[in-house]
Amino acid sequence: MIEILDPDKLPQARETGALVGHILRTVRDRSTVGTNLLEIDRWAQEMITEAGAQSCYVDYAPSFGRGPFGHYICTAVNDAVLHGLPHDYALADGDLLTLDLAVSLGGVAADSAISFVVGGSRPPESVALIEATERALAAGIAAAGPGARIGDISHAIGKVLRGAGYPINTEFGGHGIGSTMHQDPHVPNTGRPGRGYKLRPGLLLALEPWVMADTARLVTDDDGWTLRSETGCRTAHSEHTIAVTEDGAEILTLPKPA
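In this text, residue positions in the sequence shown follow numbering that gives the first Met the number 0: the first is 0, and each later residue adds one.
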C-alpha cells in the first residue's frame, strides 16, 4: 500500500517526527561508557509513554523476525547494523552504537536512526562509516521531490556509498511510512535514476542508508532479530522520515531546537 498523507495531517507528522528526533537525541546524549542497552530501552519506553505515543516495535512481528520484537528501540553495536534487540550489554569506549526508533502519535508514524561512537575514542573506520551514511542520507533527501522517482533517490544514495568504497546490501532499505511504520514503496540503497514510483506531495518516506565496512552479507543472531555483518566488520546506519512537498522534501525527524 502506498499512502498519501492528507495535507491537514502534515502538522501531526511533524509532531511525531520531532518526538522521534527528541528521543534519539536524548538517548544519544545519555549513552556513555557503562550504559546498558536495556537501560536505553527503558529510557525510550518512558519517553514514548510520557508523550502519549505508541511504540511501533513492541508488537512488531514481520516474517523476517522472530516476533514480537518486545522492545521499544533497536540498539545495534559494532558489527550489528539492523534490528538490534536490546540485551544485557554495557557499552565500552569506542563502541559504534546505532539507535533506530519508530513511534506513532496521533495516527501518524515516524522512523529515524543515528549511529555514533561511545566515549572518547574515535576509530577512523567507524567515523568514516558514519559520515558516509550521513552524506548518503543527505543526497537521498536532496533527490526527493514531486515528480522525482524512487530510483532517483536510490541512485543518489548508492552513488555516495559506492564512492566511499562500501558494498551495498539491497535486502533492507528505506520505505513508505504513514499510518503504519512499513509501507510501499521500497527504497533500495542503490538503483537506476528515472525508474520506479513517481513521488507525489503528501508521500512520507523513511530513507535509511546503511553499510558494512567490507561485506554486503548479513547474518542473524540467535535472538532471531539482530542482523550483523557476516565478516564481523563495523557498520553504520542513518535514517530520517521525510515528507514530499510541493517544492521538495521536508525532514520530519529533526529534534526541535533545545
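Warning: the hint list may mix true and false statements.
[Unchecked claim] Subject to a maximum C-alpha distance of 25 Å in a straight line, what follows is the list of computed DSS-like cross-link-like pairs (lysine-lysine):
1. Lys255 - Lys8
2. Lys197 - Lys158
3. Lys158 - Lys8
[Said to hold, decoys possible] Restraint-style ranges between C-beta atoms, simulated for each label pair:
4. Ala50 - Gly164: 14 to 22 Å
5. Ala215 - Gln53: 14 to 22 Å
6. Arg191 - Glu45: 16 to 24 Å
7. Pro122 - Asp183: 33 to 41 Å
8. Arg65 - Gly93: 15 to 23 Å
9. Arg27 - Ile1: 45 to 53 Å
10. Ala91 - Ala163: 24 to 32 Å
11. Pro145 - Asp222: 35 to 43 Å
12. Gln53 - Asp5: 36 to 44 Å
I should point out that these hints are in silico values taken from the structure, not numbers from a laboratory. Cβ atoms here follow ideal geometry from the backbone N, Cα and C, with glycine treated the same way.
Status of the hints after comparison with the structure:
A threshold of 25 Å between alpha carbons decides the hint, and for lysine 255 with lysine 8 the separation of about 19 Å falls inside it, so the pair holds. The suggested pairing of lysine 197 with lysine 158 holds, with an alpha-carbon distance near 20 Å, which does not exceed 25 Å. Using a Cα cut-off of 25 Å, the hinted pair lysine 158 and lysine 8 is violated, with the two alpha carbons roughly 33 Å apart. Distance hint for alanine 50 and glycine 164: a CB-CB separation of about 40 Å, inconsistent with the stated range 14 to 22 Å.
Distance hint check for alanine 215 and glutamine 53: the Cβ-Cβ separation is about 34 Å, which falls outside the suggested range of 14 to 22 Å. As the Cβ distance of arginine 191 to glutamate 45 is approximately 44 Å, the hint placing it in 16 to 24 Å is violated. The supplied range of 33 to 41 Å is met by proline 122 and aspartate 183, whose beta-carbon atoms lie about 37 Å from each other. Range check, arginine 65 to glycine 93: Cβ separation about 30 Å, and the 15 to 23 Å hint is violated.
Between arginine 27 and isoleucine 1, the C-beta spacing of about 32 Å breaks the proposed range 45 to 53 Å. Evaluation of the 24 to 32 Å hint for alanine 91 and alanine 163 yields a pass: the beta carbon distance comes to about 26 Å. A hinted range of 35 to 43 Å holds for the C-beta pair proline 145 and aspartate 222, which are about 41 Å apart. At about 20 Å, the beta-carbon gap between glutamine 53 and aspartate 5 misses the expected band of 36 to 44 Å.
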